[in-house]
Amino acid sequence: MTSNQIARELYNYFNSLEEEVFSNVRFLLAYQNTIKPTPVTKPIVAVSVKECNVGNRLNKTLETGEVKLTTSRNVDTTVSMDIYLPYSSNGIEAVKIYDRIASIILFQLSKYDTLGSTCGPAEYDTSCQAIVVRTTFTIRVVTDA
Amino acid sequence: MRIDKMLQKYGKSVNITGANGWSTPLFHAFIQPLRYKTKLYMAGDVTPIGTNHNSVYLYIGPPNHDLTKLDKSYSINDSQGNHYFIDRAEKIFIKDNAIYIWAVIRQITEGD
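Protein chains in written order, with the working numbering: chain L, 1 to 145; chain A, 1 to 112.
Chain L extracted, bound-state conformation (with noise of 0.2 Å):
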């Protein structure tokens, strides 16, 4: 499963769950070729590939006791889901969809390998006109070649 993937398939997720916390959110792939509400009035929850780190080949240990260096590695993938809101909102909005959103991630869906997540403060974002927090989930995943 590549980065993009895992995007793109916590995109498809979130976007068709019905979640009353969910209910006036609006889950996108982050750069889409579309026109941006202004004012933004409704949450706005925008996925994109944060970072992708690629580790060394993993080892594996023979029944002889023998370690063999094995064409697997492990692929971190930082996948970011910043939370845009109204700018007449205080920010504790997005920390609750941060909450519903983190506990989907970590506690849900079993078959992500979840290292960690991320959650920023409450910012102004000039050229979005709204606020904005900056939440990352990392993903492991082991690749073959």
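These are computed hints drawn from the structure, not numbers from a lab.
What you are looking at is a predicted structure, and each value in this text was computed from that prediction instead of being measured.
Careful, some of the hints might be misleading.
[Claimed, not checked] Computed Cβ-Cβ distance ranges for the label pairs, DEER-style:
no.: 1; chain 1: L; residue 1: 106; chain 2: A; residue 2: 20; range: 39 to 47 Å
no.: 2; chain 1: A; residue 1: 88; chain 2: L; residue 2: 121; range: 22 to 30 Å
no.: 3; chain 1: L; residue 1: 99; chain 2: A; residue 2: 10; range: 49 to 57 Å
no.: 4; chain 1: L; residue 1: 17; chain 2: A; residue 2: 104; range: 34 to 42 Å
no.: 5; chain 1: A; residue 1: 9; chain 2: L; residue 2: 99; range: 51 to 59 Å
no.: 6; chain 1: A; residue 1: 17; chain 2: L; residue 2: 99; range: 34 to 42 Å
no.: 7; chain 1: L; residue 1: 91; chain 2: A; residue 2: 20; range: 23 to 31 Å
[Said to hold, decoys possible] Straight line, CA to CA, 20 Å or less: simulated EDC-like cross-link-like pairs of lysine to aspartate or glutamate:
no.: 8; chain 1: L; residue 1: 50; chain 2: L; residue 2: 9
no.: 9; chain 1: A; residue 1: 72; chain 2: L; residue 2: 123
no.: 10; chain 1: L; residue 1: 96; chain 2: L; residue 2: 20
no.: 11; chain 1: L; residue 1: 42; chain 2: A; residue 2: 110
no.: 12; chain 1: A; residue 1: 5; chain 2: A; residue 2: 66
no.: 13; chain 1: L; residue 1: 42; chain 2: A; residue 2: 87
no.: 14; chain 1: A; residue 1: 91; chain 2: A; residue 2: 4
no.: 15; chain 1: L; residue 1: 96; chain 2: L; residue 2: 18
no.: 16; chain 1: A; residue 1: 12; chain 2: A; residue 2: 78
no.: 17; chain 1: L; residue 1: 50; chain 2: L; residue 2: 123
no.: 18; chain 1: L; residue 1: 60; chain 2: L; residue 2: 144
no.: 19; chain 1: A; residue 1: 91; chain 2: A; residue 2: 66
no.: 20; chain 1: A; residue 1: 72; chain 2: L; residue 2: 125
no.: 21; chain 1: L; residue 1: 96; chain 2: L; residue 2: 123
no.: 22; chain 1: L; residue 1: 42; chain 2: A; residue 2: 71
[Said to hold, decoys possible] Computed footprint of chain A on chain L; a stretch qualifies when at least three of its residues, placed anywhere within it, have a C-beta under 8 Å from a C-beta of chain A:
no.: 23; segment: 24-36
no.: 24; segment: 42-52
no.: 25; segment: 82-89
All C-beta atoms, glycine included, are put in the ideal place defined by N, C-alpha and C.
Dock chain A against the given chain L, drawing on the hints supplied.
Showing chain A alone in chain L's frame:
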């Protein structure tokens, strides 16, 4: 000195509405595109949540419709069906008399 006659003669028909259903009758004001000092962002600003077209306009209107008291929840509507919110508004005075309202307004777009 007031500019009401000039606005009446050359201005666009506009009104102001609020989220609570409040609205003014039609009046006349100038709404013109702001002249950009740089052409760098004329194509729009690409952001993670879509392209921001930065449609910013200069408003000059009569002093009896005081935009300085209105927040961003109010919208100015013109006869072409465009809606704008107020970024910044100032009263322009000659001596102690407000002669017109100057404002920078931004076009409201729904997005895709």
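Going down the list of hints, with the structure as the test:
1. L:106 <-> A:20: 39 to 47 Å: holds, 42 Å
2. A:88 <-> L:121: 22 to 30 Å: Holds, since residue 88 (chain A) and residue 121 (chain L) (Cβ atoms, about 26 Å apart) stay within the stated range.
3. L:99 <-> A:10: 49 to 57 Å: This hint holds: roughly 54 Å between Cβ atoms.
4. L:17 <-> A:104: 34 to 42 Å: Since the Cβ atoms of residue 17 (chain L) and residue 104 (chain A) sit about 39 Å apart, the hinted range of 34 to 42 Å holds.
5. A:9 <-> L:99: 51 to 59 Å: holds, 58 Å
6. A:17 <-> L:99: 34 to 42 Å: holds, 36 Å
7. L:91 <-> A:20: 23 to 31 Å: Given a distance of about 25 Å, which is inside 23 to 31 Å, the answer is holds.
8. L:50 <-> L:9: holds, 15 Å
9. A:72 <-> L:123: holds, 19 Å
10. L:96 <-> L:20: holds, 11 Å
11. L:42 <-> A:110: Between residue 42 (chain L) and residue 110 (chain A) the Cα gap is close to 11 Å, so the pair holds against 20 Å.
12. A:5 <-> A:66: holds, 18 Å
13. L:42 <-> A:87: holds, 19 Å
14. A:91 <-> A:4: holds, 14 Å
15. L:96 <-> L:18: holds, 16 Å
16. A:12 <-> A:78: holds, 7 Å
17. L:50 <-> L:123: Distance of about 18 Å is within 20 Å: holds.
18. L:60 <-> L:144: Holds, at about 13 Å.
19. A:91 <-> A:66: Holds - the C-alpha atoms of residue 66 (chain A) and residue 91 (chain A) are around 8 Å apart, at most 20 Å.
20. A:72 <-> L:125: It holds: about 17 Å lies between the C-alpha atoms, which stays within 20 Å.
21. L:96 <-> L:123: Holds - the C-alpha atoms of residue 123 (chain L) and residue 96 (chain L) are around 16 Å apart, at most 20 Å.
22. L:42 <-> A:71: Given that 20 Å is the threshold and the Cα spacing comes to 18 Å, the pair holds.
23. 24-36: holds (count 8)
24. 42-52: holds (count 3)
25. 82-89: holds (count 4)
The structure is consistent with each of the numbered hints, conforming to all of them.
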